[in-house]
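Heads up: the sequence shown begins at 1 in the working numbering, then just goes up one per residue.
Calculated directly from the structure, the hints in this document are not laboratory data. By construction, the Cβ of each residue, glycine as well, lies at the ideal position given by its N, Cα and C atoms. You may find that some hints are simply not true.
[To be verified] Each computed DSS-like pair below joins lysine-lysine, with the alpha-carbon atoms no more than 27 Å apart:
#, residue 1, residue 2
1, LYS197, LYS27
2, LYS227, LYS27
3, LYS154, LYS27
4, LYS197, LYS4
[Stated by the list, open to error] Per label pair, the in silico range of CB-to-CB distance:
#, residue 1, residue 2, range
5, GLY163, ASP106, 17 to 25 Å
6, GLU166, LEU240, 37 to 45 Å
7, ASN113, TRP185, 32 to 40 Å
8, ARG148, TRP185, 41 to 49 Å
9, THR143, ARG169, 22 to 30 Å
10, ARG139, GLU112, 31 to 39 Å
11, GLY156, ASP106, 13 to 21 Å
12, ASP135, ALA32, 18 to 26 Å
13, THR155, ASP135, 23 to 31 Å
14, ASN107, ASP135, 19 to 27 Å
15, GLY163, VAL14, 19 to 27 Å
16, ARG190, GLY156, 43 to 51 Å
17, THR189, PHE115, 19 to 27 Å
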Amino acid sequence: MLVKEYRICMPLTVEEYRIGQLYTICKHSHEASDKGRAWRWCGTRPTPTPCTGRVSSRRREFTCPAGCQAGPKLSSLVFFTSQKSLGTTILTQSQFAIHIETKYEDNCGINENIFSGDKNEIDQEVDFLDIAFDDVPDRHYRTSEDPRHFSSVKTGRGPLQEGWRESSRPVMCSYKQVAVQFEVWGLQTRVEQFVHKVIRDVLLVGHRQAFAWVDEWYGMTLEDVRKFESQMHLATNQKLGYYEP
1 MLVKEYRICM PLTVEEYRIG QLYTICKHSH EASDKGRAWR WCGTRPTPTP CTGRVSSRRR
61 EFTCPAGCQA GPKLSSLVFF TSQKSLGTTI LTQSQFAIHI ETKYEDNCGI NENIFSGDKN
121 EIDQEVDFLD IAFDDVPDRH YRTSEDPRHF SSVKTGRGPL QEGWRESSRP VMCSYKQVAV
181 QFEVWGLQTR VEQFVHKVIR DVLLVGHRQA FAWVDEWYGM TLEDVRKFES QMHLATNQKL
241 GYYEP
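Please put together the full structure from these sequences, using the hints given.
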């Protein structure tokens, strides 16, 4: 098992981030499904637990890049993702295991004990993702989504400069503890590292987009973004040829 903690700061409040995250996931999934990386939305519903929230389910198909020896075993895997909209826990299950626990705080990533005593039990790396200055894969780069060049009309935030995480107000951090387990002899290390690389790229690109699209979602209420979510779910599934019975 390979465990890492990712910390992604954003020039937003936690409450703003919750709206922006929902909007970005829907829009990104719809756009990504245009490029052969299919996301199929399976539904959203209130949680059956005492805590207030919603569960969204979607399926993602992905393949290993050319040259990856794990490709034949991974190319047909489908991920089933369930997310609690409270933002505390995300669980993903498939033929191998990925567990992602997420917590949000209004700070610049300074909480060293946010996941309680887990660090005493699991040896894990802490990786700070910088949405402005970390490199993204060339195929995902867009000048309009580069926080070093983007300036928000509605909020006046951006462009982001060196040291922005310490100087920006507001600022929040999404803490993600990610555990990847693939117990196949001869492939475990390679596959677990590959999956972490994919997750890191997705987190970096997605959070860059959430900020770059802030003028599209800023001011939306939860009801507004839920309506947008429903519209995009339907549009995405229709694009993939999935129609509700």
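Against the structure, the hints:
Between the alpha carbons of LYS197 and LYS27 the distance comes to roughly 22 Å, so the proposed pair stays at or under 27 Å and holds. Under the criterion of a C-alpha separation no larger than 27 Å, the hint pairing LYS227 with LYS27 is consistent with the structure, at around 13 Å. Note on LYS154 and LYS27: the hinted pairing holds, with a Cα-Cα distance of about 19 Å set against a maximum of 27 Å. The hinted pair formed by LYS197 and LYS4 meets the criterion: a straight-line CA distance of about 11 Å does not exceed 27 Å.
Separated by about 18 Å at the C-beta atoms, GLY163 and ASP106 satisfy the suggested range of 17 to 25 Å. For the hinted restraint 37 to 45 Å between GLU166 and LEU240, the CB-CB distance of approximately 43 Å keeps it satisfied. For the hinted restraint 32 to 40 Å between ASN113 and TRP185, the CB-CB distance of approximately 35 Å keeps it satisfied. For the pair ARG148 and TRP185, the supplied restraint of 41 to 49 Å holds, since their beta-carbon distance comes to about 44 Å.
Checking the proposed 22 to 30 Å range against THR143 and ARG169 shows it holds: the Cβ atoms sit about 26 Å from each other. At roughly 35 Å, the beta carbons of ARG139 and GLU112 sit within the given window of 31 to 39 Å. Distance hint check for GLY156 and ASP106: the Cβ-Cβ separation is about 19 Å, which falls inside the suggested range of 13 to 21 Å. Distance hint for ASP135 and ALA32: a CB-CB separation of about 20 Å, consistent with the stated range 18 to 26 Å.
Take THR155 and ASP135: their Cβ atoms lie about 26 Å apart, and the range 23 to 31 Å holds. Against the hinted window of 19 to 27 Å, the Cβ-Cβ separation of ASN107 and ASP135 comes to about 25 Å, which satisfies the hint. The supplied range of 19 to 27 Å is met by GLY163 and VAL14, whose beta-carbon atoms lie about 22 Å from each other. The hinted window of 43 to 51 Å between ARG190 and GLY156 holds, with their beta carbons roughly 45 Å apart.
Judged by the Cβ atoms, the range 19 to 27 Å given for THR189 and PHE115 holds: they are separated by roughly 24 Å.
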